[in-house]
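> Spelled out from the first residue to the last, the chains are:
Number of protein chains: 2
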Amino acid sequence: MKMFKNYLKTQRELIDLNIECYLNKLEYPNVIAEGMRYSVLNGGKRLRPTLLLMVLELYERDLSLGLPIAVAIEMIHSYSLVHDDLPALDNDDYRRGKLTTHKKFGEAEAILIGDALLTHSFSIVTDETCGVSSDKLIKIIGMISRYAGINGMIGGQMIDIESEKKKVPLETLKYIHENKTGKLIKLPVEIGAIICDATKEEYKALERYSECIGLAFQIKDDILDIEGDFQKIGKPVGSDLELEKTTYPSLFGMDKSREILKELIEDSKKSLSIFPKDKIQKFIELADYIGIRES
Amino acid sequence: MKMFKNYLKTQRELIDLNIECYLNKLEYPNVIAEGMRYSVLNGGKRLRPTLLLMVLELYERDLSLGLPIAVAIEMIHSYSLVHDDLPALDNDDYRRGKLTTHKKFGEAEAILIGDALLTHSFSIVTDETCGVSSDKLIKIIGMISRYAGINGMIGGQMIDIESEKKKVPLETLKYIHENKTGKLIKLPVEIGAIICDATKEEYKALERYSECIGLAFQIKDDILDIEGDFQKIGKPVGSDLELEKTTYPSLFGMDKSREILKELIEDSKKSLSIFPKDKIQKFIELADYIGIRES
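Residue numbers (the numbering used here), protein chains in the order written: chain A, 1 to 295; chain B, 1 to 295.
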């Protein structure tokens, strides 16, 4: 695991370098440019962009093919956090131990900073990507838009809000997880598969992998919200309980939730069995990492 | 002018039909789908999509080539109004005589409805456009993202907010107008020119036209804010004065502002002189319409 953590760190540094490179081009209005950098360069794990790079490595393709798109996905993830943290939504003051964007820059500013991150992510895809055909890029842009929109992340976020302070059935909880967090974890994996011309079978296998780790990631999040450490996760523990949110632990209890988590991680590994074992080591380690992460 | 108003009405109906067609595909979460339709299908003039269709007509191309993109631009315009109206920004309760989106659906919902409109607009471009090459579409998507982002509409909106309650120089006012409203008026004209393979000279001419009518549109807006009719413009008159906003009337007075407006309209017409006169009749009439409109 230590070696994998080093790998994650290396990828994170590469991704952060690229984020800085693209966002440092922005200057005016200063509060928007600064706010965009503040919101994205926040010490995040870069799980989503790393997944895209891992697929490129699996197919031994140049990472530069996917870096702009990987950055764009992270910007979309960041914008969603900026808007989620707003007073009208989750009303959070801290994220990863730092002031949230609206606490730092003001509420109107945070709304516009989020809008700017989302909007700008598309021009990073169109203007910075090299070596991917226009036909593929159109497909990729369409997928980004669908997975991040009403039938994806935003849909999940809306139902999540509607489900606060009430007990919802497992079906609804699954919809929330599949869309609010799941879609943006599937997205980089599927885009990687498109860039690398994966066969239908390989595409399905990678898609299944990303679905399993996406749900595992969310269940682990719910578990950390109960037993995590503020210092490590950088946000208050117990916020789900306070909001009376339905989660895997609230529906199934902690023991059963841990069991489901473990099964998902096993399933994610099995789903990649069509690939040579020495090629998918990183995917196996990432799945394990999701199960044991503390933040 | 009556004939031109009929033309605008016909185009508006065609555009509204297409907006409905695309947005009626959305169902869940209901509040987002309903909110998107409510925010876009609001009796707007459809100036931006109409401009794209006018360029296609100028080149005698099929309108269907540009309709999805025209709808996407109108959705981006609508999302910007939804977010501008929020309590943290302009805090408006009414728009075009109807409750604003957050007044109708709630604040968290309005933030997400705006996000969903912006996000979904890109998949309408990628998924619904037929007959435009992928290379051109990539160029068009990049342009949409840039003109709507930090170096375009959002930048203008931010500086507009920063400039409230203070006197700003003409240079700043120009930046605001060129970006906050200007860029989204240039956008459909330039996209039309790309779709129709306009020559460099034609492109420049059309670009200049759109810049002139964009600024004229905004100056007329400022004038209407002083002497307009609530019943006709559908929002309170005098809001600029109340916010102590710098406007053309506040910098130059009403008479001089009307003169500048008139000059811009003349310039817009002159800029198209390279085209045969019988081909640009609609563009001339649109420029005149902007000068005399009452809402």
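Calculated from the structure, these hints are not laboratory results.
Please note that the accuracy of each hint is not assured.
Said to hold, decoys possible - Computed list of lysine to any residue pairs in SDA-like fashion (alpha-carbon distance at most 20 angstroms, straight line):
1. B/Lys136 - A/Glu57
2. A/Lys167 - A/Arg146
3. A/Lys139 - B/Leu63
4. A/Lys200 - A/Glu57
5. B/Lys103 - B/Ser239
6. A/Lys166 - B/Ser239
Note that this is a predicted model, so its numbers are computed, not measured.
> The structure should be examined with respect to each hint, and the outcome stated for every one.
Cross-check of the supplied hints:
1. B/Lys136 - A/Glu57: violated (30 angstroms)
2. A/Lys167 - A/Arg146: violated (28 angstroms)
3. A/Lys139 - B/Leu63: violated (23 angstroms)
4. A/Lys200 - A/Glu57: Given that 20 angstroms is the threshold and the Cα spacing comes to 19 angstroms, the pair holds.
5. B/Lys103 - B/Ser239: Given that 20 angstroms is the threshold and the Cα spacing comes to 18 angstroms, the pair holds.
6. A/Lys166 - B/Ser239: Not OK: lysine 166 of chain A and serine 239 of chain B at ~41 angstroms, beyond 20 angstroms, violated.
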